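Chain by chain, the residues run as shown.
Protein chains: 2
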Amino acid sequence: MRDVAAAAGVSVATASKALNDQGRMAEETRARVQQTAKALGFRPNGLAQSLSRRRSFTVGLLTNDTYGRFTLPVMSGISDALVDNGVSVFLCNIEDDPALAQTHVDAMLEKRVDGIIASGKRIDRRLPVDLSGLGIPVIYAFSEPDPDSIGFVSDDEGGARQAVEHLIRLGRRRIAHVTGPSSFRVVHQRAAAYRDALGAAGLAGPDQGVLVGHWSEAWGHEAAGYLFDGIGSPPDAVFCGSDQIARGVVDALRERGRRVPDDVAVIGFDNWEIVAAATRPPLTTVDMNLKALGREAGLTLLQLVDRQPIEPGVRKLPCRLLVRQSCGAPPAG
Amino acid sequence: MRDVAAAAGVSVATASKALNDQGRMAEETRARVQQTAKALGFRPNGLAQSLSRRRSFTVGLLTNDTYGRFTLPVMSGISDALVDNGVSVFLCNIEDDPALAQTHVDAMLEKRVDGIIASGKRIDRRLPVDLSGLGIPVIYAFSEPDPDSIGFVSDDEGGARQAVEHLIRLGRRRIAHVTGPSSFRVVHQRAAAYRDALGAAGLAGPDQGVLVGHWSEAWGHEAAGYLFDGIGSPPDAVFCGSDQIARGVVDALRERGRRVPDDVAVIGFDNWEIVAAATRPPLTTVDMNLKALGREAGLTLLQLVDRQPIEPGVRKLPCRLLVRQSCGAPPAG
DNA sequence: GTGAAAGCGCTAACAT
DNA sequence: ATGTTAGCGCTTTCAC
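Chains as they are written, first to last, in the UniProt record's numbering: chain V, 1 to 333; chain Y, 1 to 333.
Calculated directly from the structure, the hints in this document are not laboratory data.
Note that this is a predicted model, so its numbers are computed, not measured.
There's no promise every hint is true.
For identical chains, the list gives no copy identity; a pair is met inside one copy or between any two copies.
[Unchecked claim] Calculated pairs, DSBU-like style, for lysine-lysine (alpha carbon to alpha carbon, straight line, at most 35 Å):
1. Lys17 x Lys316
2. Lys121 x Lys17
3. Lys38 x Lys17
4. Lys121 x Lys316
5. Lys38 x Lys316
6. Lys291 x Lys121
Whenever a hint applies, use it, and build me the whole structure from the sequences.
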């Protein structure tokens with residue numbers, strides 16, 4: 001920058017102001033400095049800027065989601081939102097290891113990140129590290145927030161309701177729900193919304209009630225056995241807690257000669273493309289809009305960094321029903 | 001740090017040396033300074049350190065792998081290798097967008113990263129950005145390297161050979177190969193290794209030859225039709241170019257009443273846990289050791305940053321056959 | 001053995 | 001409208 005200033009015949013201070021569009025000065029001077037800077041291929045040293053501006057334009061992203069199934073879209077949303085603002089993100093994979101997590105947090109603090117985003121593979125679990133009292137803003141995205149902090153999560157009840165209402169609108173009347181382990185909070189939330197939606201339509205669930213199991217294809221497969229090999233009238237629709245479960249259900253149905261969606265409509269959850277799109281037929285499913293969630297989280301963190309007051313609390317972001325072919329015709333309108 | 005120095009009754013210079021285990025000084029002094037630093041909860045300002053040391057202890061990771069299927073393990077390996085050395089990694093998702101890529105590269109350069117790692121979802125494609133002449137070390141990991149640069153890729157021939165030899169060792173004699181589109185270099189590499197391995201054992205492929213198609217379950221399904229619904233004797237083993245293809249083949253086989261592995265042995269490629277483990281039976285597959293690849297890439301970048309001379313060229317890292325249940329008993333020994 | 005002083009490259013009051 | 005000066009927080013050479 002000294003060189004630029006010299007070449008433009010001004011002082012370093014003036015050069016700095018010119019390049020940052022700050023302070024008063026002749027437009028001619030400003031233009032001239034910017035010209036020479038470009039001509040010389042000048043690239044400001046971000047470290048020096050950060051040091052004196054007391055702002056590093058970096059944030060740390062902590063996550064424990066090894067497969068990246070949930071974190072990846074969140075990440076990409078965060079990154080999108082931040083890169084436009086000149087902010088870069090440090091990726092910290094902490095693998096559920098408290099020591100590793102602490103190492104990463106310490107590194108972030110030394111590198112003087114402007115803020116931290118905590119993400120994870122479960123919305124109802126904390127990362128194995130204490131992020132309170134760090135002296136910098138922290139945002140929780142798809143992860144259990146600390147009390148009095150700011151968090152973004154998906155609206156699982158809303159998503160489940162949309163799914164069930166979609167089935168009802170299509171004329172399905174015996175709708176079952178096959179979902180994951182009851183140790184997950186979302187299992188309860190989605191099941192509650194499922195029951196509410198049925199109740200509101202004056203319908204009852206199948207005799208077996210909500211089938212609670214695992215987040216796996218195998219469980220979907222097994223559950224389909226309970227639903228369709230028993231006595232009594234089988235469901236005409238199954239709302240599943242994950243795409244993997246739905247895939248298991250669909251495969252089991254095909255093995256039993258039941259047609260999807262003609263005989264049975266199936267809806268999944270997650271919109272994990274690779275599973276949902278490979279299922280035959282492709283799955284209608286609930287998309288949690290994770291990328292948008294990441295974007296919101298990123299933008300909010302920036303506001304916090306700018307010392308704008310933000311109401312603490314957790315924000316539930318809406319899910320979206322993605323209609324493919326496992327339910328038959330989309331609703332009119 | 002001024003505070004630490006004052007509290008320990010030494011100058012800032014001495015404090016700095018004490019904390020960095022540098023220079024000569026009384027052990028007592030050094031210890032005392034370190035004590036007080038800890039007592040005061042002193043955390044060095046990385047920005048200032050970087051500024052004067054001319055080393056930021058950060059690296060940039062460029063990738064265009066949206067699903068993260070390949071990049072995630074690579075990332076996690078890189079991150080593992082680097083965090084131990086106090087180096088943090090900036091994640092740059094460039095989405096195959098040249099402008100976005102350039103934006104990220106510029107950001108990295110301004111932030112004075114010590115080096116850049118370019119990764120991707122295809123080993124035979126360049127990222128849409130020129131990384132030569134940046135003035136900092138660049139390493140290619142699971143991505144097409146520039147001429148005269150350093151790259152790490154998986155040894156696809158080796159992996160394919162292991163797979164086919166495994167099948168031969170298990171007594172299979174009519175081994176088919178179902179793989180992805182011929183626009184991928186790995187398709188040719190794996191097919192070549194497949195033919196070589198067959199030839200070396202004095203075997204021939206099936207009448208249909210190598211079945212080239214897509215990286216999808218649907219293609220695996222379809223290809224199984226060609227292999228098993230035709231006239232002539234069907235294969236007793238299928239080596240697939242991806243786990244997704246293998247999954248399609250296995251499902252198709254089950255629908256035809258052929259037992260895996262009893263009637264037909266199947267091997268996949270990628271060890272994409274989520275599909276390999278969900279297949280019935282779980283897939284034996286070729287693991288590309290992507291995490292180790294990432295680790296190597298990270299470590300090598302550090303050597304480059306330390307100005308250690310490294311031979312340019314691409315290193316092929318070995319794959320590993322992961323035996324599950326789709327081939328029957330593992331080979332003796 | 002320890003410390004004074006001169007940077008690292010940039011920003012921001014304050015003066016002119 | 002521009003320049004001078006004093007940092008930002010740390011490292012490092014070189015006297016003492």
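Intra- versus inter-subunit Cα pairing at 35 Å for Lys17 with Lys316: Neither, since 42 Å and 50 Å both go past 35 Å.
One pair to classify: Lys38 and Lys316, alpha carbons no more than 35 Å apart. Within, between, both, or neither? neither (45 Å within a copy, 41 Å between copies)
Within a copy, between copies, both or neither: where do Lys291 and Lys121 come within 35 Å Cα-Cα? Answer is both: 14 Å inside a copy and 20 Å across each meet the 35 Å cutoff.
How would you classify Lys121 and Lys316 at a CA-CA limit of 35 Å: within, between, both, or neither? both (17 Å within a copy, 33 Å between copies)
Identical-chain pair category, Lys38 with Lys17, by Cα at 35 Å: Within one copy, since 15 Å is at most 35 Å while 39 Å is not.
Lys121 and Lys17: within-copy, between-copy, both or neither at 35 Å Cα: Neither, since 45 Å and 43 Å both go past 35 Å.
In this structure, the earlier hints numbered 1, 2 and 5 are contradicted, and the remaining ones agree with it.
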